[in-house]
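As given, the protein sequences belong to chains P, A, C and U, one line each in that order.
Residue 1 is where the first sequence starts when you use our numbering, and the numbers rise one by one after that.
Residue 1 is where the second sequence starts when you use our numbering, and the numbers rise one by one after that.
Residue 1 is where the third sequence starts when you use our numbering, and the numbers rise one by one after that.
Residue 1 is where the fourth sequence starts when you use our numbering, and the numbers rise one by one after that.
It is worth saying that the hints were derived from the structure and are not from the lab.
Some hints here could point you the wrong way.
Said to hold, decoys possible - Cross-link-like lysine-lysine pairs, in silico, DSSO-like; alpha carbons within 30 Å at most:
{"hint": "1", "chain 1": "A", "residue 1": "Lys-363", "chain 2": "C", "residue 2": "Lys-26"}
{"hint": "2", "chain 1": "A", "residue 1": "Lys-159", "chain 2": "C", "residue 2": "Lys-160"}
{"hint": "3", "chain 1": "A", "residue 1": "Lys-459", "chain 2": "A", "residue 2": "Lys-264"}
{"hint": "4", "chain 1": "C", "residue 1": "Lys-160", "chain 2": "A", "residue 2": "Lys-293"}
Stated by the list, open to error - Footprint (simulated), chain U over chain P, 3 or more residues, beta carbon under 8 Å:
{"hint": "5", "stretch": "90-104"}
{"hint": "6", "stretch": "115-122"}
{"hint": "7", "stretch": "148-156"}
{"hint": "8", "stretch": "214-222"}
These numbers come from a predicted model, not from an experiment.
All C-beta atoms in this analysis are idealised placements derived from N, C-alpha and C, irrespective of residue type, glycine included.
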Amino acid sequence: MNTLIAISGLGVLCLLVEMFNARKAIVPITILGLLAILGYNISVYNTLGTFYNNMMLVDRFSVAFSSLFIVITTVLITMSHEFYKDRPTKISDFVAIKVFMLAGGVAMVSFGNLAMFFLGIEVLSISLYILAASNRLSLKSNEAGMKYFLMGSFASGIILFGIALIYGATGSFDLTTIYQVTHTASYPQWYIIGTIMVVIGMLFKIAAVPFHFWAPDVYEGAPALTTATMSTLAKVIAVATLYKLAIILVPGQTYAFQMIIVVVAMASMLLGNIMALRQNNVKRMLAFSGISHAGFMVMTLLISNNSANILLYYATSYAVAGLAIFAVIFYVMKDKENETIDNFNGFGKTHPLLAAVVTTSLLSMAGIPILSGFFAKFFLLSQVIQTGWIVLVIVAIISSIISVGYYFKIILAMYTKDSEQELTSIPLVYKIVAILLLVANIAIGLMPNLVLNLIS
Amino acid sequence: MNVSFILILLLFGAIATYFAGDKLAKTVALVFSLASAVFSVYILNLHQAGINPSFISQWITNPNVFIALQVDGLSLAMLLLTTFLTTIIIFSSFGNQYNNSKTFYALVLFMSFAMIGTFLSADAFLYYIFWELALIPIYFIALVWGNGDVEERKRAIIKFFIFTLAGSLFMLVAFIYLFQKAGSLMLSDLYAVRLTSQEQFWIFLAFFLAYAIKIPIFPFHTWQANTYQKAPAVGTMLLSGIMLKMGLYSVIRWQLPIAPIAAKTYMNIFIALSVVGVVYGSIVALKQRNLKKLLAYSSLAHVGLIAAGAYSLSVDGLRGAVLQMIAHGFVVVGLFFAAEVIERRFQTQEIAEMGGIRIQDSKFASLFMIVMLASVALPSTFNFVGEFTLLYSLYNVNIWFAIIAGTTIILGAVYMLNMFKNVMLGDKDSRVFAVVTTQEIIVFVVIIAVLLFFGMYPKPISDLVTPPLQEIVGRINRL
Amino acid sequence: MEKNLALVLVLAPFFGFLANIFFGKKAGKGFVGLLGTLSILISFFATTYFFMQIQSTGKPIEVKLFPWIALESFQIDMSFLLDQLSVLWLLFVTGIGTLIHMYSISYMHDDENMHKFFAYLNLFVFFMITLVMGSNLLVMFIGWEGVGLCSYLLIGFWYKNQDYNDAAKKAFIMNRVGDLGLLIGIFILAYVFGSLDYHLIARDIFSQELSATDSALISIAALCLFIGATGKSAQIPLYTWLPDAMAGPTPVSALIHAATMVTAGIFMVTRLNFVFDLAPNVQTIIAVIGAGTAIVAAAIGLVQNDIKKVLAYSTVSQLGLMFLALGLGAYEVAVFHVITHAFFKACLFLGSGSVIHALHGEQDMRNMGGLKKVMPITFWTMMISTLAISGIFPFAGFWSKDEILMTAFHGNTILWVVGSIASIMTAFYMFRLMYLTFFNDFRGTEHQKKHLHESPALITIPLVILAILAAVGGLISLPGNSWLNHYLAPLFHKAHEAHHLDGTAYMLMGIATVGALVGIGMAYAKYLKKQEVPEQDSEITGIAKVLYNKFYVDEAYEMLIVNPLYKLSHFFRKYIETAVSELLFGLGKVTNSIGNQGKLVQNGSVGVYLFAFVLGLSSILIYLFLV
Amino acid sequence: MQNILEQIGIENYIYLSVLLFCIGAFGVLYRRNAIIMFMSIEIMLNAVNLLLVAFSTYHQDAQGQVFVFFSMAVAAAEVAVGLSILVSIFRNTGSIDIDNLKNLKG
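All chains should be built: construct the whole structure from the sequences, respecting the hints.
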């Protein structure tokens, strides 16, 4: 609970620091603040409970995931100073919005009441609308913001409608009450409809097929750092929330619900990867890749055993790999008119180390062993196979094979083509972040227990 | 000291090579590979002395995954093959100049590391990791240091990568399924799982997909020729000499004992496929104009025979397969090295542009010829021992398998002698062929010495691998 | 002691090979020749020792070296067996080998790669010894393939000429075809008897009743083994390599392609006589093929103009006669003919070599003639051998060939007729060869004429020795009092009725002699009396053309086997390969095209996106209501 | 309050708000003017608000009405952001037709 308050306070602090003209201190202060909050958050790992009339419900799930969110935000903010170098006046806004967004995210995984959930998701969404459109002068950025806004608020409407139906059916917004009602008494049919609408709203947020259409366009149009935020932080938050909602709200694992999830997962994995094959824009490609990973992560809803752990592991691995790639993309795509793969040409020769980072991160996403991505897929699929959905596993495997096709496009560009551009030195912060993330990737790959047993 | 040291040594070697810099890289790499070879002999000694140098430790508690490196005669044979061949391969590349050689040699050692891991692993999870890991370095070796047009190379190599990855992912599914059944992926636990014949069939098939692509068995071979052609000599040697043995080894170690009922029920189909590969590879090789491609297809024919022997499910077949794996490993490295020696001088792989070499360098001609004769399994070479045992095991299954597969000894002679005639003989001294260097001769001599020695006295290897093979066959037959 | 001596016997040529290949070039030609010859001579002496030993004790000597290939049901040892048969074979292999090595010192003196020649020749003898001495089929197989390899190396000795290389290749490959048969035969024997050791197989055969399936398998095995023999011993249908093999230097033709290697098939059949005795059907096949080969090859030989080709076809034809004998179960007769044939055919080849040497490489008989006066030793030695091969009393060939024909007469009259006609033809083409080469006037160039000379002593001494042997070699097996039959008796397990010297025998001898004389007379009339010289290639017509072109067998093989194979290869490479890889690429293309379609849907319009959203939403809701 | 619900029945409220919601949704789907789309979204949200209030009464529970306040506040914030993005777009393109925004596709 205090985590949420602290994060919100930190956001306000950012704005205050700007007022006191200490612009340069914003990023360090925020990082320190976030690290402190992270420390605090970890310390409450064992003191769990509910707060404010069950408005907040802190359990291991929420602590573990909010820690992950905080870490991701820290990484993003670390890079934001360098990223917003040419727009120094706006930096406090950008940092503050990200911190608020984090607050929304934390609210989303630790809600005890649907009102809290609604507020969280709206805070998150509104922050993202702003961030997506934050490059005011770029039509692309505007378009991205607008598209995201239109579709996002449409989805919000649906979520809201779902919440209203749930409320109508159970007479409460409180999770425990709802849970009790749905597991003890009979409930009207519209309850299921409400749940499904909420779930669909979240599927929209994680960009699962067929609610994924916004993602490529928005990812492409938004500034790179925002894309990174959306594809890592926002996606992870949304997935975690979806998981929590589905586990609590959906009464029993009905076949129909499973069927929906299976179809959505299969469609996401296949379509995401197939569409990614034909992309030239790196951000767009990663958007489709993100869609397919969303499909993978959605599969956790099917499994009963250990699923939260596996989701956390998968999300961590996905975020770590994604952030490492974005750290390099920030540098490579800096001041480029187009963001095509060609920009990576010859990168292997000019920057062998960073090329290695990108390569390993892509391999991790493709699921090649010793990198965490492989373990994530392994743990996930090994549970899914137990549910009996072998078709799903086969589709997952096939889509993994397809994914190699486009991940390797970047690798091929880096190692087989010659660069046409002159060398510029890479900002130190990107380099350090990229390498640390690589180390983290390998570390959680070699020692999966680090992450895997956090939520029991 | 246990066997894990060899993995650490090679991994450390790869890192050391990278940091040794471009000039020293190859020497450092050679030293480490030699050290690993020496150490593997030490392991052999331990094994012979009755000490078990295996290594087991828990890695991940939930799910249950072990770092288990098991040493028995079979894995030891493959270990020795890998370390010795890696040393030879690294040494053979001393005549080449590679850009960024520190990375190159680091990758070679890393690949050796991964392949050894594959051969030693007794936990399927670990095994799978090493299996996939071996793919990464060869991908980069072939891609970055390969030859020919970049676009074509890219296409060939991505095809190779996706193919092999696709196959192995299906194997992964099988392992995941087994994991759910057995609760652990230790080899012994997997052996103990009771599966219905339906389950076994699917698992067998999933394994087959992975191994058939790796080995390769017809019709999963289409990646092979192009990849061999485009890869640099070292890459081709690693691929054909060691890496495809991973597939064959896995058939023996994993596929057959885990799904014995399926193996027994469908063995004829799989033998037939392998045998078709033998004939098909030989016939396609007849008309190849590119030397490395020709050797690739000949390799297809040879490994098809090995696979057929392995699927014959008899001790003879398995032993023949292992012997031939080792023999083929050496011989194919020798052949590709000969192609490389020519390419170093003529800058071509096209057979039509060669010829008249024997006049200029009879030493090289003799060395090449001995290796070539070994590859067509002339008696008294190691390959004959393997091929004879394999054909005999096939005969015991069905005489027609032996006869059809046996055509390889005719067709093999046809394309190999044709190749030799067009490449080496004749009177066409328009191009100058610089005499082979001492370093090149050493490579050939070592390979030939191995082939001839074990050709006359295969007993040490045969005795080494027989007990584990008997155990495996016993397991297959018991169920 | 015996083991060591046996090792010396085997390894002496091998060390000769090693020394020659590694140090030969530096050591000089004199050393090379001496070493090469000496190493064979050592083997010859060792063989003589063993021969004496076996003569006196009659016990075979087995030398076990080390275990070689281990199979689940049995083990194959690297071991040697010295018994009557192998020692006999060794005697003439090493003996004639020594003579031919000696001959080669002079013959090959001008070749820059003389050390290699001797190395290969030594290696050949080594493998031949292995072939003969192996105590099981697989050790024999080492030698079997090894001699094939040496034959390949020596045929293609002048490797600058790609035609020679092709001939070498052809020899190797055709041999390999046979080898596959042999290998399958070996498998079957191994399967049935659980061993490849001659002794053990023989013991099994005689100690137990064979089941019906086993008998059938043994018949197939015998057939497969015989296919192996047809390859090595140049029988129909695998005989075409032998005439081409004449591309090699003449001593090679003498040693490998006349006296020793090509008799390996006969050796093998004799060695496994107990197996073949169990397969009467196969024996019939062998006899028929032998007779067929004898007459076909002889017919082709009638019109050949290349002196070595004539001899080559003659060899094929004689080998056919030997197989005829084998097919009729008269192993000792075949062996007898092998030995006499080795003497006179080696002599003939060496003589022809001497002629070619004198004419600086000319091999076409149309450009020879009148050499009798210039080269008397060559002429007389060859004349003796020609008389021997034609079967004129009392030369060696008379006795051995007569035995074969007599056996055939008792076996099957048709076979006897065929064999006799082949004999008549033999007499004709051999005398044709002699007349064309040595009689009348010299038809070569002036330049050649000036340099005509008799060959040096190193060449003529082996000729003389061989001629003497060709003259008196028949003594080892005179009808009625045969030392050879007696010597070989322990090898054969089926009792043969001995041919008594009765009226039939004398009659047959008479017919054979008359037949030979007829052949000689025809040749005399045509080539000496009328002084005819064969037409140029383009003028040959009719049956002669068919014969001259060897019944177009090579062309037929080319058309029926080689070309289809290459066509198939082309087809596989062009279509199957592409199809398989396109099939898999096709999957990639399909996914790519789905991606392209997907790009069209993702058209940037929010309306479409929202529509898809609502569509997804409503379909999920509808699904829920339906369930 | 009780009376009204008794007279009209909760189902009718649900039908009405579903109808309103659909109208809003179709508005978003079919109109291309950004302002009108915003308004349609507002209609959707208000439909939900109506439903919440109705349920609140039905359950005799204040939570629903409180929730409506949240929802209204959030909707206002959302529209504020949306409008500002729209202004920015209008500055760049001089149009508020959503169909002009098709630069990002494929």
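A quick look at each hint next to the structure:
no. : hint                     : result
1   : A:Lys-363 with C:Lys-26  : holds, 14 Å
2   : A:Lys-159 with C:Lys-160 : violated, 42 Å
3   : A:Lys-459 with A:Lys-264 : holds, 29 Å
4   : C:Lys-160 with A:Lys-293 : holds, 26 Å
5   : 90-104                   : violated (count 0)
6   : 115-122                  : holds (count 4)
7   : 148-156                  : holds (count 5)
8   : 214-222                  : holds (count 5)
Comparing the model with each earlier hint shows violations of hints 2, 5; every other hint is respected.
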